[in-house]
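Undergrad: Read off the chains here:
Number of protein chains: 2
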Amino acid sequence: MSAPKSVVYIVEDDPSFRKSMERLIRASGFEVVAFESANSFLKKSSVQRPACILLDVQLPDIDGLRLQQELLEKGYNLPIIFMTGHGTIPMSVQAMKKGAIDFLPKPFETKNLLSAIVKALERDTQNVQEEALKKEINVLINSLTPREKEVLRWVISGKLNKQIAYALGITEKTVKVHRSRVMQKTKCSSVAELVRFAEQANISPAD
Amino acid sequence: MSAPKSVVYIVEDDPSFRKSMERLIRASGFEVVAFESANSFLKKSSVQRPACILLDVQLPDIDGLRLQQELLEKGYNLPIIFMTGHGTIPMSVQAMKKGAIDFLPKPFETKNLLSAIVKALERDTQNVQEEALKKEINVLINSLTPREKEVLRWVISGKLNKQIAYALGITEKTVKVHRSRVMQKTKCSSVAELVRFAEQANISPAD
DNA sequence: TAGGGCATTGGACTTTGGCCCAATACGCCA
DNA sequence: TGGCGTATTGGGCCAAAGTCCAATGCCCTA
Numbered sequence: 000m001s002a003p004k005s006v007v008y009i010v011e012d013d014p015s016f017r018k019s020m021e022r023l024i025r026a027s028g029f030e031v032v033a034f035e036s037a038n039s040f041l042k043k044s045s046v047q048r049p050a051c052i053l054l055d056v057q058l059p060d061i062d063g064l065r066l067q068q069e070l071l072e073k074g075y076n077l078p079i080i081f082m083t084g085h086g087t088i089p090m091s092v093q094a095m096k097k098g099a100i101d102f103l104p105k106p107f108e109t110k111n112l113l114s115a116i117v118k119a120l121e122r123d124t125q126n127v128q129e130e131a132l133k134k135e136i137n138v139l140i141n142s143l144t145p146r147e148k149e150v151l152r153w154v155i156s157g158k159l160n161k162q163i164a165y166a167l168g169i170t171e172k173t174v175k176v177h178r179s180r181v182m183q184k185t186k187c188s189s190v191a192e193l194v195r196f197a198e199q200a201n202i203s204p205a206d
Numbered sequence: 000m001s002a003p004k005s006v007v008y009i010v011e012d013d014p015s016f017r018k019s020m021e022r023l024i025r026a027s028g029f030e031v032v033a034f035e036s037a038n039s040f041l042k043k044s045s046v047q048r049p050a051c052i053l054l055d056v057q058l059p060d061i062d063g064l065r066l067q068q069e070l071l072e073k074g075y076n077l078p079i080i081f082m083t084g085h086g087t088i089p090m091s092v093q094a095m096k097k098g099a100i101d102f103l104p105k106p107f108e109t110k111n112l113l114s115a116i117v118k119a120l121e122r123d124t125q126n127v128q129e130e131a132l133k134k135e136i137n138v139l140i141n142s143l144t145p146r147e148k149e150v151l152r153w154v155i156s157g158k159l160n161k162q163i164a165y166a167l168g169i170t171e172k173t174v175k176v177h178r179s180r181v182m183q184k185t186k187c188s189s190v191a192e193l194v195r196f197a198e199q200a201n202i203s204p205a206d
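Residue numbers (numbering that gives the first Met the number 0), protein chains in the order written: chain P, 0 to 206; chain Y, 0 to 206.
Rather than coming from a laboratory, the hints here were simulated on the basis of the structure.
Errors might be hidden in some of the hints.
What the hints assert, rightly or not - Every beta carbon over 10 Å from chain P, so not counted as near; a handful from chain Y, in silico: (1) Lys18; (2) Leu77; (3) Gly168; (4) Ser179.
Unchecked claim - Computed cross-link-like contacts, DSBU-like style, restricted to lysine-lysine with a CA-CA straight-line distance of at most 30 Å: (5) P:Lys105 x Y:Lys175; (6) Y:Lys105 x P:Lys105; (7) P:Lys96 x Y:Lys4; (8) Y:Lys148 x P:Lys186; (9) Y:Lys110 x P:Lys97; (10) Y:Lys184 x P:Lys161; (11) P:Lys96 x Y:Lys148; (12) Y:Lys133 x P:Lys73; (13) Y:Lys175 x P:Lys186.
All residues carry an ideal CB built from backbone N, CA and C; glycine is no exception.
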């Protein structure tokens with residue numbers, strides 16, 4: 000299993016600055032893909048992960064901060080490092096509030112940029128792992144029938160089969176059947192595991 | 000049950016600005032305590048909660064950012080709103096990275112200040128609640144004997160009494176006794192509850 | 001219309017857990 | 001030294017959960 004190479008997406012309209020950034024980052028061992036505008040980045044169909052975005056605030060089409068907002072709304076969770084030549088404190092504060100990794104006024108120190116990139120890629124590696132885990136869990140959850148999900152919610156709230164049966168208006172016998180199917184399908188071998196499993200799948204206990 | 004009144008601590012050396020802030024915030028319905036330096040604030044023995052700090056960056060004794068760092072290290076978790084007359088982007092970014100609620104260059108809009116204060120106090124209300132909960136939980140945890148804690152760790156990892164007995168080199172009988180004591184002392188009535196309880200107490204499953 | 005998935009129930013049996021009783025042994029503190 | 005808290009074990013009993021077996025009724029699709 001070879002580690003996937005990390006990608007740094009650059010979005011910067013100044014060609015000479017863009018190219019010098021490309022060289023610099025590539026020389027540090029990262030894969031680089033550069034864009035000259037926000038829209039050309041957005042047109043990219045697929046995004047390699049783990050990755051991060053090195054984003055200029057002033058762009059010809061869409062404002063960098065605006066792009067950050069759009070990516071957030073679309074659920075893309077790529078860490079962003081801002082660069083700017085004419086930034087203000089309120090701009091940087093807004094960017095940081097929305098989760099930017101860093102906000103670098105040009106000209107900046109190379110080491111500051113690189114440490115920000117490392118941090119961003121570390122975070123995205125985390126994100127990728129977490130998303131993969133959530134996906135796996137959701138596959139299992141979606142294999143449950145509606146009734147089984149219901150029983151799951153009662154089980155993780157610590158109720159006895161008897162109580163669950165009463166709550167659902169069915170026999171304790173039937174609850175046992177659903178319950179054992181839930182354990183099978185979720186690959187859990189104890190209630191304790193099941194509780195943690197359900198927590199990660201954002202399934203709340205019934206009441 | 001009357002809600003405790005929220006306090007805004009102001010740390011600002013300019014007397015006229017400090018007083019005008021005091022008036023403004025007090026007029027908005029918050030309790031205010033003002034200090035003219037970082038050290039005079041640090042000398043305050045007790046802190047009312049929920050609260051937040053309205054902190055000037057340039058202070059005669061300790062730098063505002065430095066104060067933030069010190070409070071972090073001491074485990075004080077008071078939300079901070081920075082104000083500054085001569086701030087830079089790197090300063091604001093650093094402050095935000097360390098969890099500041101906002102960073103306002105003077106002069107700022109009153110509404111921006113007030114919304115930051117509201118947000119800061121909301122967060123601290125959260126913090127206070129969470130800290131109180133953790134405290135309660137720790138009281139219960141500390142009432143457990145070492146052996147009981149050990150059994151707890153095995154129980155929340157989903158092990159059977161038989162397996163726990165083998166792991167600890169004792170009889171299943173004894174495990175049952177410890178286990179029932181754990182349930183009593185933690186006031187949990189099911190394994191599911193116990194798992195969540197232990198999670199909040201930062202107790203990890205045994206293996 | 002036949003089959004498949006789903007929800008439901010039953011019986012019989014074993015394992016596990018929880019709770020009652022009581023008892024022994026160790027270390028520590030007043 | 002006498003008690004107190006802690007850790008340990010036992011027997012007996014009942015409730016709860018898990019695991020085989022098998023069966024019925026419903027809805028939907030091929």
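Undergrad: Failing hints, ascending?
TA: Of the numbered hints, 5, 11 and 12 do not hold.
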